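Asks: The lines below spell out each chain.
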Amino acid sequence: MKKVILYLFLITFFKVASQNCNAYKWEGNLKKYEACKKAKESEYYYQFNHKYHEILDEAIAIDPTYDDAYWAKSIAYLKSGDFLSWKKIIDEAVDLNPKKHLGYRGWCRYQFFRDYKGAIKDIEEFQKIIKGDVGYCQNGDYHLLIAKAICYKAIGEKEKAIQIIETYLEKNDNESDLFNFYHLGVLYFEKGNYKKALKYFQKQEVENNLAENQYYISLCYKALKDFDAYKKKIEDSEKMYKEGYFMRDPYSYHYDKVYLSQIKKELKKSKQI
Amino acid sequence: MKKILLMILLLTFYFCKKEEKVNKYPNSIGDITFNAEKDDSNFVLCNKNNVYQYFNDGRGLGYEGEKLALITAVKEKYKPVKTTQSGLIRIRFIVNCKGETGMFRIIQMDDNYEAFSFDKKIINRLLKITKELSGWVIKQRKDVALDYYQYLIFKIKEGEIVEILP
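Same order as they appear, the protein sequences are chains A and H.
Residue 30 in our numbering is what sits at position 30 of the first sequence, and the numbering runs on without skipping anything.
Residue 1006 in our numbering is what sits at position 6 of the second sequence, and the numbering runs on without skipping anything.
By construction, these hints were calculated from the structure, which means they are not laboratory data.
All of these numbers come straight from a predicted model, not from anything done at the bench.
The C-beta atom is built at its ideal place from N, Cα and C for all residues, glycine as well.
Incorrect hints may have been included.
Stated by the list, open to error - Between beta-carbon pairs, the in silico distance windows are:
hint, chain 1, residue 1, chain 2, residue 2, range
1, A, Ile130, H, Lys1128, 42 to 48 Å
2, H, Lys1024, A, Gln138, 23 to 29 Å
3, A, Trp26, H, Asp1110, 41 to 47 Å
4, A, Leu30, H, Asp1119, 49 to 55 Å
5, H, Leu1068, A, Asn22, 48 to 54 Å
Said to hold, decoys possible - Below, simulated DSS-like cross-link-like pairs (lysine-lysine); rule was C-alpha separation at most 25 Å, straight line:
hint, chain 1, residue 1, chain 2, residue 2
6, H, Lys1075, A, Lys265
7, A, Lys158, H, Lys1157
8, H, Lys1067, A, Lys269
9, A, Lys117, H, Lys1157
Unchecked claim - Covered stretches of chain A (chain H as the covering partner; in silico rule of three or more C-beta atoms under 8 Å from a C-beta of chain H):
hint, region
10, 39-53
11, 241-250
12, 258-264
So that you can see chain A by itself, here it is in the shape it has in the complex (with noise of 0.2 Å):
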C-alpha cells in the first residue's frame, strides 16, 4: 500500500518534471526542446480534442522522434477504444523509446484489450530491456510483475501466476498493493485450497478490505462448513458493495470482479441453510 501512495506521488512528480522541456536543452537536444515546447502547449485541450491533436502533430513534424507526443496521441483512441488507430500510434513511441512506453503498452493492451498474451510478450521484453524494477501500471492499481500474473491466469496458466504474485510478494516485503493478496486468494480458491486462499483474503482484509474480498471469505467458510462465518461475511460482503467498497476502474473492469447480483444470489442460499 505504501508503494502505491509513493508511485502516485512520483506519477505526479514525474507529470510536472516532464514538462520541463529545458532538460532537452542542456542534453544539447534542441530540436527536442522546440517539440517539447510545442507540445506543452497541447496540456490547455482535451486529451479527445483536435487542437491537442493538432499541436502534437506540430510538435512531431519538428521533431519526428519526440516520442512523448506519439504517446500522448494514442490515449484518445485508447479511451475511445479504436485498437487499430491506438496500436499504430503507441507502436510509434515504443519502436522511438521502448524503455518508457514498452511496458505502458503492455499494461493497455490488457486493460483496454484484454490481449493477455500480447501483454506477457510486452511486459517480459520491458523486463529484458529495463533489468530492474519494471515499476507500476498507469492507473496505479498494480505492480507490471502483477498484471503479467494477472495474464498468465487469463491464458490458463494458473500455477505461474501463483508463482509470479509469490515471489513478488517474498522479494516486496509482502507488499499488498491494492489487490495482490485478492487475487492470490481467488488462484488458490480455484484450486480448491480454501485454508491458504482464506489466509491470503484475510491479509486483503487487513489492507484494504473489500465487498468482492468479504465475498470469497464467505465461499471459503461455506467451503470449509463454518456456516456461520459464511453467512456473516456474506452479509458483510452485501453491505460493504453498497457502502461503495467494492472494485472500480472507469474505463474497463478488474480481473476477478464479483458483482452484487452475485452477492446477492449467494447470500439467498446462505438463507437457507
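Got chain A; can you put chain H on it based on the hints?
Replies: Positioned in the frame of chain A, the structure of chain H alone reads:
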C-alpha cells in the same frame, strides 16, 4: 490582369490547404456524425455539440444490474458462428439523454491489431443484440441528463464471444 489572376489562384490554394488542415481531425477524436443512410432519424440528442465519453463521470460503464447483466443479456442472445475467425469487434454508439442508443459504428481487427472483416453473420448478430440492449444508465452532470459515447468490444475466439469490454 495576369497578376490578379495569379493572386486569386494563390489565395484559393492557401485557403484550400488551410481547410484541409482544419479537417484532419473531427472536433473530438471518435466523433460520430449523423448519416441519413445508416442512422435512425428518430434518434435525437439533447446536445449534439457536447457528447461526453462514458468514463467522464469516473463511474465507467453504466448498465442496470451492472456489467454482469449486460454480459448475460448478450450471451443469452448470441448464437455462435462456426468459424476459425478470432479478434476484436468494437461497436461504438451514443447513449442519449433519454437512455436510448443510436448511431452505431463498427471496427474490427484480427489477433494482430490488423483491420479485418469478420463473417457478416457475426457482425449482424452482435449489432442487433447491441441495438436491443436497453439497460443503459442515463448519465448526468449537475442534474442535467447528458448524451455520451459508449462502446462495446467483443473478444471473439473462433466465432464465440469470450469476453466483453469495457
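Asks: Determine for every hint whether it applies to the structure shown.
Replies: Hints, verified against the model:
1. A:Ile130 with H:Lys1128: 42 to 48 Å: Taking Cβ atoms as reference, Ile130 (chain A) and Lys1128 (chain H) lie about 46 Å apart, which means the hint holds.
2. H:Lys1024 with A:Gln138: 23 to 29 Å: holds (27 Å)
3. A:Trp26 with H:Asp1110: 41 to 47 Å: holds (45 Å)
4. A:Leu30 with H:Asp1119: 49 to 55 Å: holds (53 Å)
5. H:Leu1068 with A:Asn22: 48 to 54 Å: holds (51 Å)
6. H:Lys1075 with A:Lys265: At roughly 19 Å apart (the allowed maximum being 25 Å), Lys265 (chain A) and Lys1075 (chain H) satisfy the hint.
7. A:Lys158 with H:Lys1157: holds (20 Å)
8. H:Lys1067 with A:Lys269: holds (22 Å)
9. A:Lys117 with H:Lys1157: Judged against 25 Å, a Cα distance of about 14 Å means the pair holds.
10. 39-53: holds (count 6)
11. 241-250: holds (count 3)
12. 258-264: The restraint on the region 258-264 of chain A holds, since 4 of its residues have a Cβ under 8 Å from chain H and three suffice.
The structure meets every hint from the earlier list without exception.
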